[in-house]
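With chain A fixed as given, assemble chains B and C onto it according to the hints.
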Amino acid sequence: MCLAIPALIKSIDGVEAEAEISGISRRISLQLTPEARVGDYAIVHTGYAISIMDQEEAEETLKILGEMASLVEESD
Amino acid sequence: MQDRILLSHGSGGKLARELVEKSFLRVLANPLLARLDDSAVFDLSGKLAFTTDSHVVSPLFFPGGDIGRLAVCGTVNDLAMSGARPLYLSLALIIEEGLTMSELDRVVASIQKAAEEAGVKIITGDTKVVGRGSADGLFINTTGIGVVPEGVNISGSNARPGDKVVLSGNIGDHSIAVLSKREGLSFATDLKSDCAPLGSLVAEMLAASLSIRCLRDPTRGGLAATLNEIAGQSGVGVRIEEEKIPVREEVLGACEMLGLDPLHLANEGKLVAVVPAQDAEAVLKAMRVNCYGKEAAVIGEVSVEHPGRVVMKTGLGTSRIVDMLVGEPLPRIC
Amino acid sequence: MRFITEFRSSELSVGLLSQIGRRSRTPARLMEFCGGHTVAIFKYGIRQVLPATLEMVSGPGCPVCVTANADIDKAIALSQVPGVIITTFGDMLKVPGSCLSLQEAKAGGADVRMVYSTMDAIKIANENVDKSIVFLGIGFETTAPTIAASIIQAKEKRIGNYYVLCLNKLSPPAIRAILDSGEVRLNGLICPGHVSTVIGSHPWGDIAQEYHIPCVISGFEPVDILQCVSMLVAQIEKGEAGVEIAYRRGVRPEGNPEALKLMEMVFESAPAQWRGMGELPASGLKLRREYQQFDAELAFDIITEPVCEPEGCICGDILRGTKVPQDCPLFASICTPEHPVGPCMVSSEGSCSAHYLYGGSFAG
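Protein chains in written order, with this note's numbering: chain A, 1 to 76; chain B, 1 to 334; chain C, 1 to 364.
Calculated from the structure, these hints are not laboratory results.
Here the structure is a predicted model, which means the values were calculated and not measured.
You may find that some hints are simply not true.
Okay, derived cross-link-like pairs now, EDC-like style, lysine to aspartate or glutamate, Cα gap no bigger than 20 Å in a straight line [to be verified]: (1) Lys43/C <-> Glu183/B; (2) Lys313/B <-> Glu6/C; (3) Lys63/A <-> Glu264/C; (4) Lys192/B <-> Glu20/A; (5) Lys43/C <-> Asp261/B; (6) Lys43/C <-> Glu256/B; (7) Lys286/C <-> Glu264/C; (8) Lys155/C <-> Asp130/C; (9) Lys244/B <-> Glu11/C; (10) Lys10/A <-> Glu249/B; (11) Lys106/C <-> Asp136/B; (12) Lys131/C <-> Asp190/B; (13) Lys157/C <-> Glu290/C; (14) Lys157/C <-> Asp13/A; (15) Lys10/A <-> Asp190/B.
Okay, chain A solo, but in the shape it has when bound (with noise of 0.2 Å):
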């Protein structure tokens, strides 16, 4: 359950915010992210932000998966 996705936050007016993802752009409710800031990912459920994404976070598990990738390339 709970179809969410990471969209990029381009514009905020008051407790809304217009984001983006791909090209497609949505008006968004941010009352559950009060801290969203222009620039931040959100994660979308149903027209709200119910995150905002750890994009540190998400560069780190990226790095670590791939570095565990290509040692397992490595021993192919």
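For chains B and C alone, kept in the frame of chain A given last:
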């Protein structure tokens, strides 16, 4: 002239005649239509293709098109999918009382423009008006007739193992463009419907290879439905690769947001061709030169395994079945 | 698509599969609770590539599937009230109640409109002040805060024609019910990523400790799911049982405090009917007294007929993970997506639908 369509415009009297002359004849001008006989009479020989389609899209005007363009292109394309050269169309309108004259004029102008681009003539027509609330603004039925050139034998039952499956371009544009205007979904996009007449594309493909086995336009039900139909009719399996299917980033984004699958989305200016493997290069080359085939690609092939089923190799290298949806795809939250 | 495409990488997936293959020795059964995970697992053919030691089973995390017939009948009954506009997520439209689905009610003249968000439902309420707009509040803890937010907004802006039929459910009670029943022996839980974005990791930590079962919170892309499986296998092989967050970019241990606060303001927990599991205490949400003016059940007099469950349908067993779709005598013969008997076939997140649409002989 009144600025709205009234019931009297459909009742065959003077007001109806005025509508036909001012709104239709003047714009769709051609000698056959101008006679205004009960039927259009003309000479035609050869193997004929004949098709009919009704169009009920809402909203009537959407990014990249409108119901008029959709109607012409839809019927032209059905003829083209049999390999025929589209020639003549009939045009029947069921108009809801209250539609503005300017909306009607816009639709008719669009019909003429699409007909000119497709090289077809509207030679007979009919107009009815129904009470408010009965027709979503406007319903259109078009029937088309064309001639199938010698040597062309195209059918959904012709696919054979080893044939290549070719797609003419990006999928999902039309559906997402129309959805973006639907109440309750409100999202903004630059995407436009891909609504286009494909007669010239098909003619160029046939010039490259007369052995094309199948042609289909993936309208309602999308690519998934079309491939399943071909697999079923021909009694073969179809294997496609996810990475090879052209889809715009915006369509992917909208699908992610709404929980839709691009394979199930309608297209109004694309075709799927099943082509003998040795002719695939030549057909692809011919397609890419046409403005409606620039992104054409081989997306898979016909196989002997899993007859009647379509299987897709995912980006991960695993396989999954691609099935047809039952009704229209619905956005979901989960 | 940023933060989506990277987590669909085949190189990273291959790396993780290799790690899982090296780690997994003990036969283990893993349950994914969330319908979104069920769909992702089938869509990417993940079952096909996991080692034979690992068995996957789907749990009751499809909010449409677990909505009881009686509750769907309430929604249908509301759609028949003159002046009511039903606004609903697309998931609910085709689910059959005892007699009708909402789609069929719409064909019969009811005003039923699909929306993507409660924001759209509020917009419809503002544009139709002479009508009553009823929003069907389904979903788990991911969706409940969005519904709470819409109710708070409606109160602040004095929108007097917006109502909610409260059918939201809570996830941990359902998992506990399955573990308590002992019907299915589970060795690990793939915990719902977006529910956890709201509720954090502590509820799963409690379950891990009380039932001695590894719990790992997963995202929804194939790399996320494989990473989660790898972490579960690591715990299983070491005989450990704790909670870990694999979906670190989306979930913090404390969850989303603001979302939890709004939920707490508007809702209180209540017993709820779960299809296949009966009534579970404190597993649903109802409106607190200060917000009861928005409760559709209180605002409208609706009469529903006694519930009839479709004969032969084993959706309940499938939701609890004790049976698979292929065990159902109706699966793919009488019960198909064209003519669904139970909700597990209607909902695209339902186990039966996923098996039917994506599985076939490739289900693994």
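Quick rundown of the hints versus the structure:
1. Lys43/C <-> Glu183/B: Violated, because 29 Å separates the two Cα atoms, which is more than 20 Å.
2. Lys313/B <-> Glu6/C: Answer holds: Lys313/B to Glu6/C is near 18 Å, not above 20 Å.
3. Lys63/A <-> Glu264/C: The hint is violated at about 38 Å.
4. Lys192/B <-> Glu20/A: OK: Lys192/B and Glu20/A at ~17 Å, within 20 Å.
5. Lys43/C <-> Asp261/B: Between Lys43/C and Asp261/B the Cα gap is close to 10 Å, so the pair holds against 20 Å.
6. Lys43/C <-> Glu256/B: Roughly 14 Å separates the two Cα atoms, so the pair holds.
7. Lys286/C <-> Glu264/C: Since the Cα atoms of Lys286/C and Glu264/C sit roughly 11 Å apart, the hinted pair holds (cutoff 20 Å).
8. Lys155/C <-> Asp130/C: Status holds; Cα separation ~18 Å.
9. Lys244/B <-> Glu11/C: Roughly 18 Å between the alpha carbons, so the hint for Lys244/B and Glu11/C holds.
10. Lys10/A <-> Glu249/B: Holds, at roughly 18 Å.
11. Lys106/C <-> Asp136/B: holds, 16 Å
12. Lys131/C <-> Asp190/B: violated, 34 Å
13. Lys157/C <-> Glu290/C: holds, 15 Å
14. Lys157/C <-> Asp13/A: Holds, at roughly 17 Å.
15. Lys10/A <-> Asp190/B: holds, 16 Å
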